[in-house]
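**Q** Based on the hints, put chains C and B in the right spot on chain W.
Chains as they are written, first to last, in the working numbering: chain W, 98 to 392; chain C, 10 to 313; chain B, 38 to 366.
In case anyone wonders, no lab produced these hints; they're calculated from the structure. Computed from a predicted model, the values in this text were never measured in an experiment. Take the hints with a grain of salt, since some may be wrong.
[Unchecked claim] Stretch by stretch, here's where chain W covers chain C in the computed footprint (C-beta under 8 angstroms, at least three residues):
hint, segment
1, 17-28
2, 160-174
3, 245-252
4, 262-274
5, 293-300
Idealized CB from N, CA, C, for every residue including glycine.
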Amino acid sequence: MTALSRAASGRVASLLMRSRPWLRNKPVMALVFCSLLIIAAVFGDMIAPYGVTEPDFAASLSPPFWMQDGSNAHLLGTDQLGRDVFSRLIGGARISLITATAAIFVAGTLGALLGLIAGYFGSIPEAVIMRLADAFLALPFILMALALVAALGSGLGNIILVMIFANWARYARLVHSEVLSIKQRDFVTLARIAGVSRMRIAVRHVFPNAINSVAALAALDFGRAIILESSLSFLGLGIQPPDVSWGSMLADGKSEMQFAWWLTVWPGLTILAAVLSFNAVGEWLKGELDPRSML
Amino acid sequence: MSVFVLKRLGQAVVTLLLMTFMIFGLARLTGDPTPLVLPAEATEADRNFFREQYGLDRSLPEQYVIFLRNVTHGDFGISFRYRKPAMEIVATAMRPTLELSAMAMVISILIGLPLGILAAMYRGRWIDRLVDLYSNIGQAVPTFWLGLMLIIAFAITWPIFPSTGYGSPMNFVLPSVTLAFFTSSSITRLTRANMEDVLRSDFVHMERVLGLSQFRIVAKHALRNASLPIVTYLGLQFGLLLGGAIVTERVFAWPGIGQTIVDAILNRDYPIVQAAVLTTALFFILINTVVDILCAALDPRVQR
Amino acid sequence: MSNSSDIEPVLKVRGLTVAYGPLERPIRAVADVDLTVKSGEIVGIAGESGSGKTTLCTALLRALPVNARVSGTVHFEGRPLFDMTEPEMRQLRGRKIAMILQNPMTSLDPLFTIGNQIEEVLRTHHAKVPARKLRDRTIELLRRVHITAPESRVRQYPHEISGGMKQRILTAMATSSSPSLLVADEPTTALDVTVQEEILVLFQEIRERSGSAIIIITHDLGVIRRVCDRIVVMYAGRIVEEGPTEEIFAAPRHPYTRGLLNSLPVLKDDAIVLSSIPGQVPNLSDLGPGCAFAERCSSVVQGCTERMPPEVPVGPDHRAFCCRLLDRS
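Pulled out of the complex, with its shape left as it was, chain W reads as follows:
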């Protein structure tokens, strides 16, 4: 990227994250929904009325309970194999949240570390790391994800790897620029004059300052990660059976779209609600952690 486009997208990032006053309050509904999802992810096995892969051929393709032919046994309906949609949604929550969390956590940590090294030690490490980051960022997310899936195969572990690959560069860039600006601040110069070792300065002074913006970025990244995982799973390249993901539910439901609308509506709405909620919470956290961006 050029300096111009880098400046533009840096500015874009801060502009996009600018919030409106009515968003600055605690997003209660979003927090509630996020908590529900987390509960579903952790305690899914105990809450779900049925197993995720439990077939019930007698009740295959039954609609949601308020429609004719629907039953209270399967509140949101069943799919071709008679599997309960609601239970599978809960199962999907676990997969999506785990994938997103793992991916962001590792990508964030790795990226932050690399950014720290690049920013603090400069010269060759910086040049190498930042050029690499630029190249990674120069390409569309999903293109890279596809290339990686082609090489590594699909499945839960690989998907997490893919998402780490696709995400680390943004964190590296962010921390790198943070470090550069902090490096020039007076308290760092003072520390160096006082003879504090570079490593110590990096860890004790520079890192904590950068971490706030990293956390803020991560909070907003969660939604993106969920969508990426769903997209890959929808294409058949992500989560494989017997694991269930909202995206793969949509892929399965696609063939029955003509008559069994509930197989595509529920998973999609869940994804939408999840992403909206995480985005709202992310925006709020960002305001709390990084007040500068709200100016």
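**A** Chains C and B in isolation, oriented as in the chain W frame:
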């Protein structure tokens, strides 16, 4: 200016090279594809012949050099599955994708730009809140799901548009609207933010005080100043658009590069995967480079 | 464009107040200001940041943000300003009343050439002029503000020219229609000393040539002494003293004015002596019922914080707002 162009082109080449390296490395990572491609009954002689054919018996660096040389000639080898040059298949598939992306981009700009401008001018009023809602939802809706919903709504329930296929203008509607939803919400958001910034700047205040009409200030000065970062961003947006196109094509059975890549991955057809990924990356890098150069040309502050 | 002081002053402000914030506890950026400016006068408005100088003048152009609550009356050349419609105001802005904003570095659009921007202003106020004449007039305007090689300047972009030149260009734009009233906000602050002098000379020329009244907002007393006929001293949104420049410099009557003049560095026995007014400018939302300067005043007495200081005439054209001035009778 020419220095800038050269520098920028140089960057593009470096990025491309890195991409080729990555593609090559990834493909070879998975080891010898021979057993996957040839049927189980193939003899050792067959396998050796195959390996020789595809140069799999040479050392890795040698393979990379060969690979690079071939790539510059557009030769990605023969598709394992279709027995035709991979590049040929990719080139045919590229066109529908580009058409779809272009259509979606046009729609996004036509919707996004005016909405963003209006929201900035009437900050705090209902249109601003509407735009907020729109951009939040736009960012959160999975593109492929939106496609499915649109199909249910406008191809099944009220059969106005076809749900699949390629050829007539009617086929374009649902896929491009699906793609445009996400992009237009981004453009709206960005336009609004930029316009707001510009409308608060000193020179706008000065122009107002000098008696220039609001229309002139917005249409001429504010728009021009706000649009530079937007043009840059459009380049990035194109990448996201391509990504969305890949998924959207699956939903609408659109015969584009997305379908091709996904099928190729599922079939372990590496020549096509390589050709498709590199070609798409090439387009993406090209567009970004052009956009960057355009921006530099439009902005008098960039060094000439 | 007569030069004599007409009977009708160019500007007559009575009881101007600009308030922001909640209605129960308004922040008055400008409070109850009376001001009269005659044609051909150069008036200096002095005061620290936050004293209301800029808000006052922006209010005259009706260019304040929408959440500003403005009250009082302003008569411009006899016409009540606040009764006018927006189209009528736009006829005045830039043509009969003009303002040059505070920061010349950022007051020009970076994407258009100088010539383009000046022509735009000309076209706004003189719609029927043909294109070639516009270009000629632009060059003539640039010459008038002493810009060298104007033919090549018109093709340059703002980032290619210096601050002083930008200030001149903005002045050219503001005076293109020979306004009756010109307001210059901190015209010299961003410039080097030598350039400052040139700008001030320019203002004097403008007054000589077209009889415009000029208001110069500044915190630099040296500037005021150099070109202004009268000074208006503001503090916390109110006028505290007003009078002819020389008279005020010779004998300031308000404690704040005295403090301001004392804080000018003075050479005493080869050493520079600096004194300043103790304390800080008060927060406008925390003002009490009395004089805003009371807490920093060396002559403060009991009554100062209880009642607003009265207006006391201390000379034929000179007034100050201080209750202590009533003591001398």
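**Q** Take the segment 160-174 of chain C, compare each residue's beta carbon with every beta carbon of chain W, and decide whether three or more fall closer than 8 angstroms.
**A** Satisfied; 3 residues make the cut.
**Q** Count the residues of the segment 245-252 of chain C whose Cβ falls closer than 8 angstroms to any Cβ of chain W, and tell me whether that reaches three.
**A** holds (count 5)
**Q** Tell me if chain W covers the segment 293-300 of chain C under the three-residue, 8 angstroms CB rule, please?
**A** holds (count 4)
**Q** Check whether three or more residues of the segment 17-28 of chain C sit with their beta carbon closer than 8 angstroms to a beta carbon of chain W.
**A** holds (count 6)
**Q** Can you take a look at whether the segment 262-274 of chain C is actually covered by chain W? Rule is 3+ residues, C-beta closer than 8 angstroms.
**A** That given contact holds, which follows from 4 residues of the segment 262-274 of chain C lying within Cβ reach (below 8 angstroms) of chain W.
Violated hints are absent here; each numbered hint is respected by the structure.
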